[in-house]
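*Asks:* Here is what each chain is made of, one letter per residue.
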Amino acid sequence: MLRGGSAVNLRFVAWRLVGGISVLFGVTVVTFVIAHLIPVNPVIAWIGRGASVNPQLAGVYIQRYHLNSPLYVQYFYYVYGLLHLDLGFSPTKGEPVMTAIFQTFPYTLQILFFTMIFVVLLGIPAGIIAAKYANKLPDRAILGFYIFGTASPPFFIALVLILIFSLILPILPTGGSVDPLLSVPNAITGIPMLDALIGARFGVFLSLLSHVILPSLALALTLFGLLTRVLRTNMLELLGSNFVRASRARGYGENKILFLAFKNSLVSVVTLISVLTIFALVGDIFVEDIFAYPGLGQYAVQAALASDYPAILGTTLFYAFIIVIVNVVADLLYAFVDPRIRYGQ
Amino acid sequence: MVNDKLASIWKILKFNAETKLGFSMITCFLVTVIVEIVGGYRILPYNPLIPFAGPAFSPPSLSHFFGTNNIGQDIFSQVIAGAPNDAMISFFVVMTALTFGGVLGAFAGLKKGVVDEALMRVTDTFFAIPAVVLAIAITLVLGPSPVDVMIALAVIWWPPYARLARSEALRISNLHFVESAKLSGLRTSRIVFRHILPVAITALLVYATLDIGTVIIVYSGLAFLGLAVRPPYPDWGDMVARYQPYLISSPYMPIIPAVIIVIVATGFCLLGDGLRAALQTERGS
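Going down the list, the sequences are from chains F and B. Under our numbering, the first residue of the first sequence is numbered 1, with each subsequent residue one higher. Under our numbering, the first residue of the second sequence is numbered 1001, with each subsequent residue one higher.
Don't read these hints as lab results, they were simulated from the structure. From a predicted model like this one, the values you see are computed outputs, not experimental measurements. Glycine included, C-beta positions come from ideal geometry on N, C-alpha and C. Each hint should be verified, as a subset may be incorrect.
Unchecked claim - So the derived label-pair ranges between C-beta atoms look like this: (1) B:Arg-1187 - F:Arg-140: 27 to 35 Å; (2) B:Ile-1071 - F:Leu-169: 28 to 36 Å; (3) B:Cys-1028 - F:Ala-200: 56 to 64 Å; (4) F:Pro-39 - B:Ala-1056: 47 to 55 Å.
What the hints assert, rightly or not - Computed footprint of chain F on chain B, listed as stretches where at least three residues anywhere in the stretch have a Cβ under 8 Å from a Cβ of chain F: (5) 1131 to 1138; (6) 1250 to 1263.
Please construct the entire structure, taking both the sequences and the accompanying hints into account.
*Replies:* Structure follows, in structure tokens:
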């Protein structure tokens, strides 16, 4: 692919992976410390109120999690459990935390996917228009719109959308993940929309799709400003650069020049992927809460409200895991599109 | 020198319409907060906690500017009464983060080497957990009262400040006056407090202005989820959550407190943006 680049590439990849793993270890320390600062007897915290009526069960837990051993031994077994995908048992769900996460996360993925589509659909045209009419009325209007979006908590936009779509324009459902009368398709990939498509159940697919639009749109409206802003700044920088001046001198039309600037700004957009994904993951927590969408965010909030400690620590760890992966992938992607990163400084 | 800097920032503030708008929004907010702190519930048109100050579900009118809620409490009074809470939490969180992160970052940037590496790995770890998620986890340890949430947010809010102070310290530490301070044998702590931080503080404060809006959004988000506050303490995020069931029948109930949050956050955003632009112009980049 690149002349003599493979060795450097491998080192870069390895370095990023080591960085990601070390961060994950840091995160396990944080969650472990939090778990030990919880002002409740850990046995009760981990198995719920059943502990007091069932001392035998409590004994099993003490033994299983080595609660009578020194802290570093407990930490060792904690990490050992994590490596075996054991995040503990969630009393509120009545199943292992890992199972609950695997059930809820696909729904969150659906929201994230459509959020990104909306962010691109809104953010890129807005960025191009803002750059084309820099400091004129369209630019100002876009600026106002995205500052308002960025400064809005996701729950505000969600409420406004619900209001609009249930009072004025009742075409989209404003809660849940699928029409309750339809049965969810058999799990093949685990992602409901994909499963519905694979099983050729288009009615279910459309229902799933219509339920995901509003939550994703609410989230995208708070996020697209970031993309617009970076794209605008980069395009303006390029529009003032020598190669654009040269293209102008060659007699290229304004639209062609704009396209050139846009194409060369795309690298900067790639760096935003990780930031946008992380912001979307966080905003998703609120959006799911409002739209009663049964994803990971809703699970985390319900666990917090019910003091389901294993679930909270498990979801925290899972969020960190996803973010570390997103960061590493984004870095590698960035190195892939921009060789300057790949080759050292 | 500092006066010159302030003057140039002020000049840019003056001819930028957005920044001016942000500045006036923040001024209104701060005046409200101060008046409310000084005057207490007495200066409000109605006591925000007393039910049936008016008929329930009455829409905004002259006697109730923002209408009344399901038990006839005056929403305008509640909004004003909730202002100091958000202001104090956001200022406390940002100031704590700025102090702690600023000093730590400045040390790391000046010392370089192992200290620097270790700090960067720690901030990496904090960056990997979304603030909201970590705040939820920490609230478990502490409890859901506003003070506990404030502490939880302060604990997790410092890493960006450490990063920023570090990069500023790296930038400054190559300049002659820091070099000569080092050569003259000053202690590191003295160089940090006397030479690095006074220069770095401008960038940190600009970031902090933008950040106050973010803290308000995150805090009201936690309150909205029911993880931050116990009713009937008037709080904006909590009000939005409690009035959400009436969204369709009485939209003004949840929308008004939400709009107030948006206005305050927008104000800090606009002001912070303007200040950042001013700082960049001042540095000539």
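*Asks:* Each hint should be assessed against the structure and marked as holding or not.
*Replies:* Each hint, compared with the structure:
1. Separated by about 51 Å at the C-beta atoms, B:Arg-1187 and F:Arg-140 break the suggested range of 27 to 35 Å.
2. At about 32 Å, the CB distance of B:Ile-1071 to F:Leu-169 agrees with the hint of 28 to 36 Å.
3. Take B:Cys-1028 and F:Ala-200: their Cβ atoms lie about 58 Å apart, and the range 56 to 64 Å holds.
4. As the Cβ distance of F:Pro-39 to B:Ala-1056 is approximately 39 Å, the hint placing it in 47 to 55 Å is violated.
5. Beta-carbon proximity to chain F at under 8 Å applies to 7 residues in the segment 1131 to 1138 of chain B; the threshold of 3 is reached and the given coverage holds.
6. Under a criterion of three residues with beta carbons nearer than 8 Å to beta carbons of chain F, the stated coverage of the segment 1250 to 1263 of chain B is upheld, 7 such residues being counted.
The structure shown violates the earlier hints numbered 1, 4.
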